[in-house]
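Q: So you can see what is in the structure, the chains are spelled out below.
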Amino acid sequence: MKKTAIISSAVAVSLLSIGLVGCGSGSSEQGAAAGGDSGKAVTLRFSWWGGDSRHKATLDAINLYQQKNPNVTIEAEYGGFDGYEQKIKTQLAGATAPDIMQLDQPWLAELTSGNELLLDLNSQKTIDVSKFDATYMKSFMTYNNKVVALPMGTNGRSMIVNKTLADKLGIQVDQAWTWDTLLETAKKIREKDSKMYLLDSDLGVVSTMFGNYLRQKTNSPMVKDDYTLAFTKEQAAEAFDWVQKAFKAGVYQPLGESQLFTGKTDQNPKWINQELLAYDGWSSEIGKYKDALPKGTIVESVLPALAKDAKTGAAQIRPSMVVGINKRSENQAEALKFVNWLLTDPEAAKTLGDVRAVPALDSAKNAIVEANKLDKNIAQAVDLASKSQAVPDNAISQNSQLGEISKDLIQRIAFDKISPDQAADELIKRYTEKIKELKK
Amino acid sequence: MQQALKRKRSRASYIGLVYISPWIIGFLLLQLYPFLASMYYSFTSFDLINTPKWIGLKNYVDMFTKDDMFYQTLKVTLIYALIAVPAKLAFALLVAVILNVKMRSVNFFRTVYYLPSILGGSVAVAVLWRFLFMKEGVINNVTAMLHLPAVDWLGNPKLSLFTISMLNVWQFGSSMVLFLAGLKQVPGELYEVGRVDGASKLRMFFSVTLPLITPILLFNLVMQIVNAFQEFTGAFVILPDGGPLKSTYLFGMKLYDEGFKFLKMGYASALSWVLFSIILIFTLLVFRSSSYWAHYEDGGDKH
Numbered sequence: 001m002k003k004t005a006i007i008s009s010a011v012a013v014s015l016l017s018i019g020l021v022g023c024g025s026g027s028s029e030q031g032a033a034a035g036g037d038s039g040k041a042v043t044l045r046f047s048w049w050g051g052d053s054r055h056k057a058t059l060d061a062i063n064l065y066q067q068k069n070p071n072v073t074i075e076a077e078y079g080g081f082d083g084y085e086q087k088i089k090t091q092l093a094g095a096t097a098p099d100i101m102q103l104d105q106p107w108l109a110e111l112t113s114g115n116e117l118l119l120d121l122n123s124q125k126t127i128d129v130s131k132f133d134a135t136y137m138k139s140f141m142t143y144n145n146k147v148v149a150l151p152m153g154t155n156g157r158s159m160i161v162n163k164t165l166a167d168k169l170g171i172q173v174d175q176a177w178t179w180d181t182l183l184e185t186a187k188k189i190r191e192k193d194s195k196m197y198l199l200d201s202d203l204g205v206v207s208t209m210f211g212n213y214l215r216q217k218t219n220s221p222m223v224k225d226d227y228t229l230a231f232t233k234e235q236a237a238e239a240f241d242w243v244q245k246a247f248k249a250g251v252y253q254p255l256g257e258s259q260l261f262t263g264k265t266d267q268n269p270k271w272i273n274q275e276l277l278a279y280d281g282w283s284s285e286i287g288k289y290k291d292a293l294p295k296g297t298i299v300e301s302v303l304p305a306l307a308k309d310a311k312t313g314a315a316q317i318r319p320s321m322v323v324g325i326n327k328r329s330e331n332q333a334e335a336l337k338f339v340n341w342l343l344t345d346p347e348a349a350k351t352l353g354d355v356r357a358v359p360a361l362d363s364a365k366n367a368i369v370e371a372n373k374l375d376k377n378i379a380q381a382v383d384l385a386s387k388s389q390a391v392p393d394n395a396i397s398q399n400s401q402l403g404e405i406s407k408d409l410i411q412r413i414a415f416d417k418i419s420p421d422q423a424a425d426e427l428i429k430r431y432t433e434k435i436k437e438l439k440k
Numbered sequence: 001m002q003q004a005l006k007r008k009r010s011r012a013s014y015i016g017l018v019y020i021s022p023w024i025i026g027f028l029l030l031q032l033y034p035f036l037a038s039m040y041y042s043f044t045s046f047d048l049i050n051t052p053k054w055i056g057l058k059n060y061v062d063m064f065t066k067d068d069m070f071y072q073t074l075k076v077t078l079i080y081a082l083i084a085v086p087a088k089l090a091f092a093l094l095v096a097v098i099l100n101v102k103m104r105s106v107n108f109f110r111t112v113y114y115l116p117s118i119l120g121g122s123v124a125v126a127v128l129w130r131f132l133f134m135k136e137g138v139i140n141n142v143t144a145m146l147h148l149p150a151v152d153w154l155g156n157p158k159l160s161l162f163t164i165s166m167l168n169v170w171q172f173g174s175s176m177v178l179f180l181a182g183l184k185q186v187p188g189e190l191y192e193v194g195r196v197d198g199a200s201k202l203r204m205f206f207s208v209t210l211p212l213i214t215p216i217l218l219f220n221l222v223m224q225i226v227n228a229f230q231e232f233t234g235a236f237v238i239l240p241d242g243g244p245l246k247s248t249y250l251f252g253m254k255l256y257d258e259g260f261k262f263l264k265m266g267y268a269s270a271l272s273w274v275l276f277s278i279i280l281i282f283t284l285l286v287f288r289s290s291s292y293w294a295h296y297e298d299g300g301d302k303h
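Top line first, the protein sequences correspond to chains F and R. Residue 1 is where the first sequence starts when you use my numbering, and the numbers rise one by one after that. Residue 1 is where the second sequence starts when you use my numbering, and the numbers rise one by one after that.
Do not take every clue at face value.
In silico EDC-like cross-links for lysine to aspartate or glutamate, where the CA-CA straight-line distance does not exceed 16 Å [claimed, not checked]:
#1 F:Lys195 with R:Asp152
#2 R:Lys264 with F:Glu85
#3 R:Lys261 with F:Glu404
Simulated from the structure, these hints should not be mistaken for lab results.
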């Protein structure tokens, strides 16, 4: 009796220890594959977000690379944008992040604020950073004198107009849009069909437009590099006043309806049913929005609204998305090799096409132009934006907590719970408090 | 002799520990450690990426003195629990009473009514809910056929929380199953007595059935209160940014935003400890009050 108890407990213990070894084996395998000598079997993890066309093109590129480098296996981890940021940040914190990560440029400031998470690309032999535009690299990719990421494409802010619908409604698309013409056009549209609106009212989009209104008044992002506010109370009140008028005039779809599709306006039935005339967004999103419309619908990219007395251009230009390499990666050399191929090789460029907007490298861009794979609208959006560039955002203005304050106030304006004047007061008060907290 | 006995006993307890070690290891790693860690983090400034920095009670002080949204989410969560919990229990009990009949296909119906509970927590159903209740959604199309005006179920800040609560009420299955089990326990002779005395169906329900299933009611009430305060998925998937004027911004969503959107893990941990205390207080209140209304057949309610 006693014996069996001892035996069975021994069995239990050994079973348990097998279980524990099983848990640990993943890391030891990785350790064995370290070194990254070419020829050795290597597994790399690569994560990105996007829509179907981007997934397909990226998977094709991965397959192509694997054919050329049979020793490399690339595990793709992809999905929508929704929740991607949280996932990557948590993985980085838990040391389980992929080797190669597609990131959004505004996150870089937060990701480089403490422990080094991303590999410094400056000192790497495999990648020649100098191929990329120097000012671009300096203003968007360099933090603490380290190049932490590379641009996967260039994005221009653009207003994407459903031209087919505009023609039907008799709206002229090809005009210099101002804040006033947006209001007037909205009235015109709504007189013709009260189900229609000019723009989607995704809170992120409205708050970007709010920021642009102020940017054009002040020639600066909302918060300056020295952590002071760039705008006065009067300017903020004026911008809020425009937002209020825009909601009343029907420039924006009522917030209560669009909030069900926050961050995924391409799924908003209003856009799909062609009851929204335009979308204010980045050129990299154009494909997704076109895909949601019926075949044959013509879309045109124009510059976003620009005030007549604006002190800066209409559209921001920035990397569409960037790619960084995990500092903890065991196969940094192989990861660098893959990234280098993905961004610079003409064949890779041809496979990827414009799924991440216009490639940042001229050689890659030319390759897809030659292959006739650059979407007309995307090219046009970036081209227009580069001719009317707005002063770029800085790290502090992109802080997610500050953004939340603007969104909250815009929301209360939209629901008529606060006057533009009160909103401006509160904006300044809460921004000042939050900036003080962030400065530490 | 005695020593040998002692040794035997200690070995016996050791073997016992080995047997339950899967549970113990699970408890230590997945419950106790996170529990204590979050307690520690709640006194730190921790952004997930850098090592936590001790800041004492600052998170808690900031929460109560500086964070307006904290009070807003508390209010929203309380109202949510006040709508969802009673409505769900009442509905579950009603369906249980209806299904507590001797009929040939009754098991089929029991299964069907239980289904939403399995599906309800999933993202797909929350997405479906969005399409049902959006302004041009299915519900409004149906009411339009009846010539009723369209209601903005999710876009109106006064209604949105109610609509979200309904998703919870709809998942009444597990409470219903428990109520059914309770109803089966009610002795048939009590109903007979009632019938002889000429009591109406309604009277019998309130005077016989309800008192006898109060222990089940107590259990359901506690479980549903705990669940309602922790609700996250439905509200988050339907209205990820907290809904019109933050009217559906539940405490769980605020916790998530602070932790994973703003990377303020220390603050999020402090929030979760506040939530924990709130749930604890409500649960204790329910237990305290239960001696007045929960009756046990074996006399367990008499201390």
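Q: Give a verdict on every hint.
A: Against the structure, the hints come out as follows:
1. This hinted pair checks out: Lys195 of chain F and Asp152 of chain R have alpha carbons roughly 15 Å apart, not beyond 16 Å.
2. Of the supplied pair hints, the one linking Lys264 of chain R and Glu85 of chain F holds, its CA atoms being roughly 14 Å apart against a limit of 16 Å.
3. Only pairs whose Cα atoms come within 16 Å are accepted, and Lys261 of chain R paired with Glu404 of chain F is accepted, the gap being roughly 10 Å.
Violated hints: none; the structure is consistent with every hint.
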